[in-house]
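These protein sequences, in sequence, are chains A and B. Each residue of the first sequence is one higher than the one before, counting from 1 in full-length UniProt numbering. Each residue of the second sequence is one higher than the one before, counting from 1 in full-length UniProt numbering.
Mixed in with the good hints there might be a few duds.
With the Cβ distance kept under 8 Å, some of the chain A side facing chain B (calculated, not the full set) [as the list claims (entries may be wrong)]:
id, residue
1, A112
2, P200
3, T202
4, V207
5, I235
6, S240
7, V241
8, I244
9, P327
10, D333
11, L336
Hints were generated in silico from the structure; no laboratory data involved. None of these values were measured; they are calculated from a predicted model. C-beta: ideal position from N, C-alpha, C; glycine also.
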Amino acid sequence: MTAAVSWFPDLRLTDRPTVGGKGASLGELTHAGIDVPPGFVVTTQAFELFLDALERSSPVRALVERLDPNDLDTVSRISRSLRVRVENEPLPATVETAILDAHATLAKDNPALTVAVRSSATTEDAEDASFAGLQDTFLWVPDAQDAIHRVRECWGSLYSVESICYRRKHGLPEDGVAMAVVVQTMVDARTAGVMFTRSPTTGDKSVITIEGAWGLGSAVVSGEVTPDRWVMGKITGEISVRDISDKHIRQVPAAGGGIVDEEVPAELRKTPCLSDEELQALRGVGRRIEKNYGRAQDIEWAIDKSGALLLLQSRPETVWSAKEQKPVAPVIDDPLKHVMTIFGGRR
Amino acid sequence: MSEPTKGFPLPSSLEIVPGTEAAQAAYPYYCQFHEGDDERFWFYNSMHFPEPMHHFDMITAEAAYCALGSFNTRVHVLPTTKGIDHRIINGRVFIGGVAVTDPAEIEARAKEFQQRAFYYYEHWEDLYAQWKEKMKALIADAQALSKPSLPDLEPIETTHTGKGVAANHDLIDTYRKTLEGYFRMWHHHFEFLLLGYGAYLTFFDFCKKAFPEISDQAISRMVAGMEAEIFKPDEEVKRLARRAVELGVDDRFHDGMVIDDVLQALDQLGENGKAWLQELETSRNPWFNVNVGDGFYHYHRSWNDDLSMPFAALPGYIAKVKAGATIERPMERLIEERQALIADYRDLLDTDEDRATYDQLITLAHRVFPYVEGHKFYCEHWYTNLFFNKIREFGALLRDHGFWEKEEDVFNLTHYELESAIIDLMLAWSSGSDPIGPRVWPAKVAERKAAIKAWAGHVVPPALGQVPDVIDDPAIVMLWGITRESLDVWLSDGEGDSNELKGFAASSGVVEGTARVVRSVEEINRLQQGDILVCQVTNPTWAPIFQKISAAVSDIGGSMSHMAIVAREYGLPAVVGTGSATQKIKDGQRIRVDGGRGTVTILEEERVLEDA
């Protein structure tokens, strides 16, 4: 039987069924020696223990399975009551202790610990675009009790109107419904952004494109700031593009939790948010992750106030990988004939 | 309505700089612009001839284009291009390609090309070994030519041996052999060259298709990095530095030393000093037969004629040897790095078919590399030095007979005029009367010197005539890197940030430092540790000072130019082919060199503007 909580270093991609895609990926990266903000996953086992407890007081799965997705009034009413139950009924002691202990362990070297709480879906289907937005992410969660509350909110999102209707429309059995939740140390980023290990514009696998801005990565991902952009040789490391933009705002953690925009000091606005050394370090990490997965990746990263580089997420690149791979040059029996591309005229 | 397009001036619209008409007219008639030239496209060959041409030095253009064209047009039979025509105006050499456009002719030529050029590719090593023998024989012939001189009376041996030929005949004989050898050398020079570049470009082309955003320098690094003669001179300086330390005479070498004094002191120092001088002799022959330019001007003197360059490098190398550093070119590591690079890019290819093609093309590029890099030593350096020095001897002889004031003045005559001056002297010597030349040449020499000066300050357009839609001439693309895109850049010159210069990104990295604009070898002593070298031509003989500098910038050159290769090996940022760095950057200015993007930024003017 799986434990209610699993730590990143103990996880591999194959653990996806119990820790979800996000959790498994962070585990795989940690195992590969990539610096990932430390954390743990509240496994599907924890969710199931809790659900069993809920079922004992009043049915959950059977109730949902009977719903008609076209009867929105009923779905809304049931959704509301189920989410209230998931967020408020007592947790099984084993689960609660496991999460509190894990949180305490995480806080041991970091008394000011704040965490990110993110749902981590267990099926490919759940990562599909049709499911996008059905899971939740909570950033800058300040303490253990709050973290537990956010875990429950993630679970509760399984019973949102959209989520229920989606399952009912597709006839998915409630027995298979489970959710893992990632609890991970927040990075107070000096600079953050994304990295593509193949060119988003040409699909070129020999270059790495890095985009970054001051503060938290959310500003880059949401498009609120035009990030600085670099293109570098993946293998050789030469930097062939340096587009330094005017980064007028940055996002920073708000005093009471959450995120707030602040103005970037004038002298920093047009200053590159990464040094060449940091760019090279990012390239090194990008290459390692790509090698580990055996395919091009989209990566989210951050550099904290102490200058440490941390990986927040890595996903396989999908746009260019989906295209058909045709040979660049026609196959010619006499290799010398290739020179005719130069000498024969290119008309 | 079509957009008004910017164009280049027509040749017929160019005016001769006032006062230089006679000097212009003195160039041979076949390189003057003439009727019909307005219909063609010409560009200024600033890569090979960045300075106004002395009348004698035009022989390099004519010998080179005689040879280049022959091999393109009639030996290898390139399908889409024939040779190159050249013209001169205001001392500047403009060139125009002769394209083949008729599809039937291209097809017929392609058949010939495959029979001929492929034979070269298939037998490259054998033909190249044979080439070296030919070049060495040609060099030996040139070295065997006697020094031109005229005795008052023939030695008695002429009578006793029944020689039957007098000394004045040796003058014309030596002169014609000197010219003959030079024209022949240029044929050898082009025997393989276009085919070699073609092999490079084929690999470049494949890489650009497989990796659309790959940098030229990454491809260049995969191609280069092997043994070639042109790396030897710098290696010899390093060897001399090491020997100086081993022999315990290293304390004799320091910045700002007077070379003659050092040589004299070593000679008097006893056994070890003499041993080092012996080592120097070994290095000088043949490796110091490199000149400080590209070999296209008589005043690009060789290390053997002027030891400043190798000696300027010795103190730095000696300090490194004493600190226990390895200064020798790390061949094993370079080859290992190159192989790793090739393997890493290979891994990125998607299909087995592409990997097979890639393997074929990189193998071919490596096969041609030793010639493409190595031929320069034999042709542009060793042979050219011998050639110009032989002409110098004629210059001295004619000076002694009152034709002009200085030995170097000889280079103000065309090679035809020089032959006429020699015959004038032969006639005078034979008749016992005075030559006419001393009454003719001093005025012409002065006139032409003034013209060269006037032309040097005269800005010429980068191109003339009709702008072609595409430039599909492989010779022009390969040798000059000129494409339709570069023409557009020329046409838009003057727009954009005036503090930023663009060139080829030759070796990556970003460095800020003090610019040292070095125009000639006499100035290399001004380079301080950490300076950024700004020079006109990227040429191999500057390699020894790369230990001193923090970055390099040049007016002329591409990503496979020797300077680019050496900069990458030294790990120095370099931007080459900026066009005008030596004019726009002032000595001592702070500049930023970005060798990854190919930009040079002048920092000081920026600050002045902000203050204003």
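Hint-by-hint comparison with the structure:
1. A112: 37 Å, violated
2. P200: 11 Å, violated
3. T202: 4 Å, holds
4. V207: With a minimum Cβ separation of about 5 Å from chain B (threshold 8 Å), the hint on V207 (chain A) holds.
5. I235: For I235 (chain A), the interface hint holds, since the closest Cβ of chain B sits about 4 Å away, which is under 8 Å.
6. S240: At about 5 Å, which falls below the 8 Å cut-off, the nearest Cβ of chain B leaves the hint on S240 (chain A) intact, so it holds.
7. V241: 7 Å, holds
8. I244: 12 Å, violated
9. P327: 4 Å, holds
10. D333: With Cβ-Cβ at 11 Å, over 8 Å, it is violated.
11. L336: 5 Å, holds
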